[in-house]
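Residue numbers (numbering that gives the first Met the number 0), protein chains in the order written: chain W, 0 to 362; chain B, 0 to 379.
I should point out that these hints are in silico values taken from the structure, not numbers from a laboratory.
Keep in mind the model is a prediction, meaning the values are calculated, not measured.
Treat the hints with caution; some may be incorrect.
[Stated by the list, open to error] Listed next, the in silico DSSO-like pairs over lysine-lysine satisfying Cα-Cα at most 27 Å (straight line):
1) K119(W) <-> K47(B)
2) K191(B) <-> K266(B)
3) K266(B) <-> K10(W)
4) K119(W) <-> K106(B)
5) K217(B) <-> K24(B)
6) K140(B) <-> K191(B)
[Claimed, not checked] A few chain B positions that, by computed beta-carbon distances, are all more than 10 Å from chain W:
7) K24
8) D104
9) T110
10) K140
11) I148
We put the CB at the ideal spot given by N, CA and C, even for glycine.
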Amino acid sequence: MTTTASRRPQKVSFRDRLLRLAGAVTTPLLPGDYLDLVAPLRAGAPLRGRILAVRPETRDAATVVIQPGRGWQGHLPGQYVRLGVDVDGVRQWRAYSVTSAPGAADGRITVTVKAIPDGKVSNHLVRRVRPGTIVQLDQAQGDFVVPAATPGRVLFLTAGSGITPVMGMLRAGLPDRADVVLVHSAPTRDDVIFGQELRALAARGVLRLVERHTDTDGLLGVHELAGLVPDHLDRETWACGPVGMLDAVEGYWESNGLVDRLHTERFRPTVITPGEGGTVTFTGAGVTVEADGATPILDAGEQAGVLMPSGCRMGICFGCVVPLREGAVRDLRNGDLTTAVPGDGVLVQTCVSAAAGTCDIEL
Amino acid sequence: MTVIQKKADHPIAHLTAADIEIIGKELDAIRDRVIADRGERDARYIRKVIKTQRTLEISSRAVLLFSLFPPAWIVGTAGLAVAKILDNMEIGHNVLHGQWDWMRDPKIHSTTWDWDHVSPPEQWKHSHNELHHRYTNVLGKDNDLGYGIMRVDEDQPWHPMYLGQPFYNFVNACFFEYGIAAYDLELGNNLKNGKHKDPAFRARARAVGRKIRRQVLKDYVLHPLLSGPSFLSTLAATFTANLIRNLWSHSVIMCGHFPNGVETFEKTSIEGETRGEWYLRQMLGSANISGSRLLHIMTGNLSYQIEHHLFPDLPSNRYQEIAPQVRALFDRYGLKYTTGPLPKQVASAWWKVIRLSLPNRRADRRQPVAPAPLVSSGTA
Numbered sequence: 000m001t002t003t004a005s006r007r008p009q010k011v012s013f014r015d016r017l018l019r020l021a022g023a024v025t026t027p028l029l030p031g032d033y034l035d036l037v038a039p040l041r042a043g044a045p046l047r048g049r050i051l052a053v054r055p056e057t058r059d060a061a062t063v064v065i066q067p068g069r070g071w072q073g074h075l076p077g078q079y080v081r082l083g084v085d086v087d088g089v090r091q092w093r094a095y096s097v098t099s100a101p102g103a104a105d106g107r108i109t110v111t112v113k114a115i116p117d118g119k120v121s122n123h124l125v126r127r128v129r130p131g132t133i134v135q136l137d138q139a140q141g142d143f144v145v146p147a148a149t150p151g152r153v154l155f156l157t158a159g160s161g162i163t164p165v166m167g168m169l170r171a172g173l174p175d176r177a178d179v180v181l182v183h184s185a186p187t188r189d190d191v192i193f194g195q196e197l198r199a200l201a202a203r204g205v206l207r208l209v210e211r212h213t214d215t216d217g218l219l220g221v222h223e224l225a226g227l228v229p230d231h232l233d234r235e236t237w238a239c240g241p242v243g244m245l246d247a248v249e250g251y252w253e254s255n256g257l258v259d260r261l262h263t264e265r266f267r268p269t270v271i272t273p274g275e276g277g278t279v280t281f282t283g284a285g286v287t288v289e290a291d292g293a294t295p296i297l298d299a300g301e302q303a304g305v306l307m308p309s310g311c312r313m314g315i316c317f318g319c320v321v322p323l324r325e326g327a328v329r330d331l332r333n334g335d336l337t338t339a340v341p342g343d344g345v346l347v348q349t350c351v352s353a354a355a356g357t358c359d360i361e362l
Numbered sequence: 000m001t002v003i004q005k006k007a008d009h010p011i012a013h014l015t016a017a018d019i020e021i022i023g024k025e026l027d028a029i030r031d032r033v034i035a036d037r038g039e040r041d042a043r044y045i046r047k048v049i050k051t052q053r054t055l056e057i058s059s060r061a062v063l064l065f066s067l068f069p070p071a072w073i074v075g076t077a078g079l080a081v082a083k084i085l086d087n088m089e090i091g092h093n094v095l096h097g098q099w100d101w102m103r104d105p106k107i108h109s110t111t112w113d114w115d116h117v118s119p120p121e122q123w124k125h126s127h128n129e130l131h132h133r134y135t136n137v138l139g140k141d142n143d144l145g146y147g148i149m150r151v152d153e154d155q156p157w158h159p160m161y162l163g164q165p166f167y168n169f170v171n172a173c174f175f176e177y178g179i180a181a182y183d184l185e186l187g188n189n190l191k192n193g194k195h196k197d198p199a200f201r202a203r204a205r206a207v208g209r210k211i212r213r214q215v216l217k218d219y220v221l222h223p224l225l226s227g228p229s230f231l232s233t234l235a236a237t238f239t240a241n242l243i244r245n246l247w248s249h250s251v252i253m254c255g256h257f258p259n260g261v262e263t264f265e266k267t268s269i270e271g272e273t274r275g276e277w278y279l280r281q282m283l284g285s286a287n288i289s290g291s292r293l294l295h296i297m298t299g300n301l302s303y304q305i306e307h308h309l310f311p312d313l314p315s316n317r318y319q320e321i322a323p324q325v326r327a328l329f330d331r332y333g334l335k336y337t338t339g340p341l342p343k344q345v346a347s348a349w350w351k352v353i354r355l356s357l358p359n360r361r362a363d364r365r366q367p368v369a370p371a372p373l374v375s376s377g378t379a
């Protein structure tokens, strides 16, 4: 068989032509910039959501009801969504588990947020945000989900706001015959997020609920599980909670050779600990250098032969701005710290920023 | 204006090096206070200005679809001119300065912004943010002094070419956005030095060409075509709006560094310049315009040119708030805070353009002393 390599004629659809024409009329803006004024949630817009209501759950947790934009592709029970929220005028991205069941008729989703001490975004969402506010969204992601073939025996091991992805799964409904145990820790009975709903589920026999109130009973140790749920190691287990708890749980399941049966969710995979100076990696150039806390990243990069964009070298022209993918930098003029984790979209001026710990610069 | 070092009454002779560093520290403190307080109120401000600009632009263009009807022509043209001025000044200039980068909104950021102007943002940011703001009013370094085509300082040597500068300045004012694009491209120099074949220059020239094409297509072809029978009157309207925007921005920008009272500096004076000395040069090298809140917004707060030059990256809505503190600092150190109403400042700048089109006696002949260093050391 012989074929002639022929270029497929580039078919430009009528819609594309129309869009291009509209773009020529609105240049330098895009037609979407004008549509955003009236329809920020329309199809084709960057994914956003409108906060419709904030319902208190406990003294420091609240459920945020969000109407996602038309581009929302839905979620699986247990998945999380990244929210870009403007706090004090600065866009901050955080991940929260979706606590509503998929496929609501009105298309709404909920996330449930617990205000943590000094938590910029969580406190803003729980206490200050007003209905009507537009937030940025990403599509739901995460593999902390129940597989299509639901196992017969399930253990959920949660603490604090770790209940949120599990609530998403419970609300989506597990098969009727599933044998579900939920062991949940919270400081007091009143601090149990979704306490009423969980107790009602337990009363209906949907699951067995073990509440641990740590203010009175102390933290739950992994070795106590044997007493609470004797067959815990035979169960497919999903665990979500603070880092210390997850470390203990993972170690325990590992020592029993049963890591396959354990699924965990960690919301803060990277902990940024700011210091003085650090290892700077220019991810595009593949160059890594050690920089002290007084050397601008611009100088460190140039000395290592990285082609750095630069300008005034005194912090006024913004000619050297590049993305800080991950890590912490310190402003050499006033000592202010800027930290970033992937997806935050943080840009820094390299001429007045020094490494304050390990940094990945996208360049 | 004569370079400061040659003046008989050297306006900073009374300051010691220590004074200058204290001034620098006080200005740093003003900056830190604004940054600590910067937040939601500021974000709301810029978003409101952007929303207003977009609403005004699209509604003015809609009205101009019926520009055959004279009231529609007048309303639409005025609205479009204001929209273009807001786009270029309070929004474009300031976003491209990075004044709003702290919000981390990728849609309002110096690295992504584009404006209703023929100079591509990348090139403008280089010539404006990097060169002009760093080398403000240094002869031979800051090309904003006369834009390379005019003589605006007694110490720039006279040439018969300058006889025509009142005329060039007027033409430049009418087509100011093209003047800026040519200036950002360093067109004159590059052509003169035969660098026009340099691939980097050609790439930049192509970028300007693309930008001009898009702007012209929008304002002079598509919008008139969409107006149907109003084709010609809409064409006249968009041309008029661009003309008004050009004349306005040219006037405001002339007031920033050309009026009487503004100082210029010698190239050698900035060698080893400290942060305090840099601040001092910005203080003396800029002039404000006094007026109403509306005037300040329409000038993109460049009416607070002094504050802008001290802190080019602070949000523009903050300049008027810190102006009293800055002015008090000028007073405390016996420095001249140059300001005046718009007509007076525009007249002052134009008078200089006209006056210096003719030769003058060079200042160094009047004052035959070696140039003093910027900071007269240890005279206190």
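Going straight from one Cα to the other, do K119(W) and K106(B) come out at no more than 27 Å? It holds: about 22 Å lies between the C-alpha atoms, which stays within 27 Å.
Mind checking the alpha carbons of K191(B) and K266(B) for me, to see if they're no more than 27 Å apart? At roughly 23 Å apart (the allowed maximum being 27 Å), K266(B) and K191(B) satisfy the hint.
Was T110(B) rightly flagged as not at the interface, with every chain W Cβ beyond 10 Å? violated, 6 Å
Hinted pair K217(B) and K24(B), Cα distance within 27 Å: Status violated; Cα separation ~48 Å.
Do the alpha carbons of K119(W) and K47(B) lie within 27 Å of each other, as the hint requires? holds, 24 Å
Is K266(B) within 27 Å of K10(W), Cα to Cα? It is violated: about 59 Å lies between the C-alpha atoms, which goes past 27 Å.
Assertion that D104(B) lies farther than 10 Å from chain W (Cβ): violated, 5 Å
Taking the minimum C-beta separation from K140(B) to chain W, is that value above 10 Å? holds, 12 Å
With d taken as the least Cβ-Cβ distance between I148(B) and chain W, does d exceed 10 Å? Consistent with the label, I148(B) stays out of reach of chain W, its closest Cβ about 24 Å off (over 10 Å).
Please check whether the beta-carbon of K24(B) is more than 10 Å away from every beta-carbon in chain W. holds, 12 Å
Within a Cα-Cα threshold of 27 Å, do K140(B) and K191(B) meet the stated pairing? holds, 18 Å
In terms of the numbered hints stated before, the structure departs from hints 3, 5, 8 and 9, listed from lowest to highest.
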